[in-house]
Amino acid sequence: MSAVRFDRVSKAFGTRKVLDDLSFEIPKGQAFCLLGRSGTGKSVALRHIIGLVKADSGRVFVEDNDITTLGGRQLADVRKHMGVLFQNAALFDSMSVGDNVAFPMRRHTDWSDAQIRERAMAKLADVGLVEDFDTMPGDLSGGMKKRAGLARAMALDPALLLVDEPSAGLDPMTSREIDELLVKTKQGGTTLVVVTHNIPSARAIGDRFAVLDQGRMLASGTIEALDASEEPLVQAFMRAQGGG
Amino acid sequence: MQQSSLVDRVGSRALGVFEVAGAIATFGAHAVIEAPRPPYELREILRHAYQLGCRSAPLIITAGVAVGVVLSMHTRASLERFGAEAMIPAALAIALIRETGPLITGLLVAGRVGAGIGAEIGAMKVTEQIDALEANAVDAFKYLAVTRIIALMIAMPLLTIMMDFSGMLGGYVAETATSGMSWRLYFERAFSYISYSDIILATLKTVVFGYLIAVVSSYLGFTTSRGTEGVGEASTRSVVMASVLIILSDVILVKLIFFFYPVVSG
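Here the protein sequences line up with chains A and B, keeping their order. If you count by this note's numbering, then the first sequence holds residues 298 to 541, one letter each, in order. If you count by this note's numbering, then the second sequence holds residues -9 to 256, one letter each, in order.
Hints listed in this document are in silico derivations from the structure and should not be mistaken for laboratory results. Hints are supplied without guarantee of correctness; some may be wrong.
Derived DSSO-like pairs: lysine-lysine, alpha-carbon spacing no greater than 30 Å straight-line [said to hold, decoys possible]: (1) B:K132 <-> A:K351; (2) A:K325 <-> A:K351; (3) A:K483 <-> A:K377; (4) A:K377 <-> A:K481; (5) A:K377 <-> A:K325; (6) A:K377 <-> B:K245.
Chain B extracted, bound-state conformation (with noise of 0.2 Å):
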């Protein structure tokens, strides 16, 4: 009796789980198919990027030199065993533009903005605001979630472009203390195994990230019910699963890439 019981719960809770990225996932191409028609609301669409975007600025920034520091010791401690101190630039480089600086621009991200994207969608649920969109003839979804996954798509390579040079300088900054290395050395040993495309498509790839987070926070903001328990609920919950959806799809993204231009991998 018990075991049944016990298999009824996980099923039922897969089924939730199910039920919610089928749900998710309808949202996401819902957006997909509304994005191009018009109204393209390109007003809120600036808005957001300002707010999402340009106010993200001095966290990424913030934890870009702390992060390039960090990376910079741990790499000073590692390549010194096997007197490679020469290649510490160009592997602080690698580490970074490749995956450490998108991976955790989109982390800090979901975190700043995904969880601000659920509350106030949700709030806005709660309070009837969203049914006041819809009866002065507003399209909600367009005009509060459309708008929202456009401007973080845009926003997110341009924030991990901003923690690439923040963690580099803050690399530099960390490696010039230690061993007295010059500006111009550093970066010219900094980018000497960097190629355009690991650029482009590391970056590339935050579009994908950015979408995830807006989509998710704002179909969590959108189905918020019970009050503020619940808005505090959608705000907790568009952290986990955009952080969660970050991490997975990165690991498919970087197999895409690896795929589709092998040049990267080596």
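The shape of chain A in the complex, shown without the other chains (with noise of 0.2 Å):
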């Protein structure tokens, strides 16, 4: 069974399509990286994958459940097994760094306050912020939000984890770090799909890799095989990003 899969997807908004007839499949445990140019319609796959948009047409599955079927508590079901990580973080600026990771154990789990504080301190910890716990999202520069917001999508060990853009906006050696910490995620056994334009970043955690442009699935594959692509815009972006 496949951790994800779609199903001849499309989606407009308007007149504009974003995905069409999108289809992929993502097996178990391991790291997918969605590819492609700023506005190729990447991050609205992986909001489709959440449920926070519907398809006009095709089928979104995350393992037997069709997420494009489902509303209301069947869909918080399934996605208390998911963790995101947000282009830009979108940590809950009215609570404390500390607080927004211990967000989904308060509302998902019965552990005691002191369990909660004691692995929301490891979570931080993993992504070097355990002396921010008490710091608010908005005392924080772009790069610690982003690990804030990594240490709150994997709060729960979720068995997917979604990230949008993991390095953007970061320096070389954060952006490292955070790779490292992904991939060390995948060897825990969890599922990554990862929305990136980073191809250094993407060679370092994918296990396969999809190529979108215009909505449309240019290229699929290993890295190896999208490397050998004689698609004219797969080797314009690859080689662009210094890959191959």
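Using the hints, build the complex out of the two chains.
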């Protein structure tokens, strides 16, 4: 059984078609990188997996669940097994960093306050932010926000981790640290879906890759397959990013 | 040609107004349906009741005292002509408790809280925090809107009682400074023409004001777009729309109170 499956998914906003008959499958425990230029539908595809956007046609499966038909409590039950890092981290700015990380635990577990605090500390330690437990998100830099967002996404050790542009706006060192953390998470058995246009980062994290352009799949497979692709846009993209 | 385009514009504008009114009504009805369903989010309701209610108290009390002083001065100026100064406390109490207190509380809360809700939820919308709530398997509508609606429905009557009391106190200060009337005589005369139904019905009316303020501003927050500009617009429109709705609903509620409790109109 695959962790995520897109079956001929199309989506348009007004007259603009963002996803066009998109199909792919992500095996469990693998890291799948969605690559492509800005505005090609990568983030929209990710939002389909979370169920934040409904497909105009086609179906999106998370394990056995057809996300396109779920709503309310059933959708919430599927989401409890996901962690999401948004492009701008989307930390709750009325809560401290620690409370942000503790939020999923408070909502979905019956752990004591002490257990939740201890676990939130551990998650923040994983991303190097243990000192910032009581800091408010507004006082963090962009990179720190992203790391805190990642700690929140991993708070409940989700089976499926969705990451939107993990290295955007980060310095190379922080970017590498986040890549290493994602690799470690994958090694723990978590399925990763990473949206990025950073090829070095994708090479470090990914097992399988797909390149999107104007909502269509241009190429998919291993990084070697993409490097060897004869599709001009794929070649241009991989070369522009320092690939093969 | 020009006439036709004017008709088109007016028609399109009217349709837009009806569309928004329908969307707000649906949003409000959805909140009523969701409120009795678990999870009840009691912690959030209490937090908002404190944020929206307790923190509005200093504004309400200050405004109440000022309104009481001003109403007392105006009432004295009018009643003095007829030699009816003894009626000043009663006239002030009737004006304040039946109408001025609830209405001014509603408008002040619409300004302070309505703008805050519109801006806060709007900012959460444009920074993907609402999506993050949903991604964390939390019903954002219930967590953000329904909790605020319930909190404000609880807070409004309490704030109105504060406004009424501080207004009466302000009236007493003004009256005793002018005529030297004693505290006991002032309040005896003030409540001689006021019944419990006056106080209860006028105060309960503000539950509806609280509902309207929270529904309108939450709706505008949830539908915010266009970044920070949209957040500012949501905040401003929340105040304007909530204020207009409070005044319009007040007319209907007063009519209903008079219809079902004719003794209050006497």
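Results for each hint:
no., hint, result
1, B:K132 <-> A:K351, "holds (20 Å)"
2, A:K325 <-> A:K351, "holds (23 Å)"
3, A:K483 <-> A:K377, "holds (18 Å)"
4, A:K377 <-> A:K481, "holds (21 Å)"
5, A:K377 <-> A:K325, "holds (17 Å)"
6, A:K377 <-> B:K245, "violated (49 Å)"
Of the hints listed earlier, the one the structure fails to meet is number 6.
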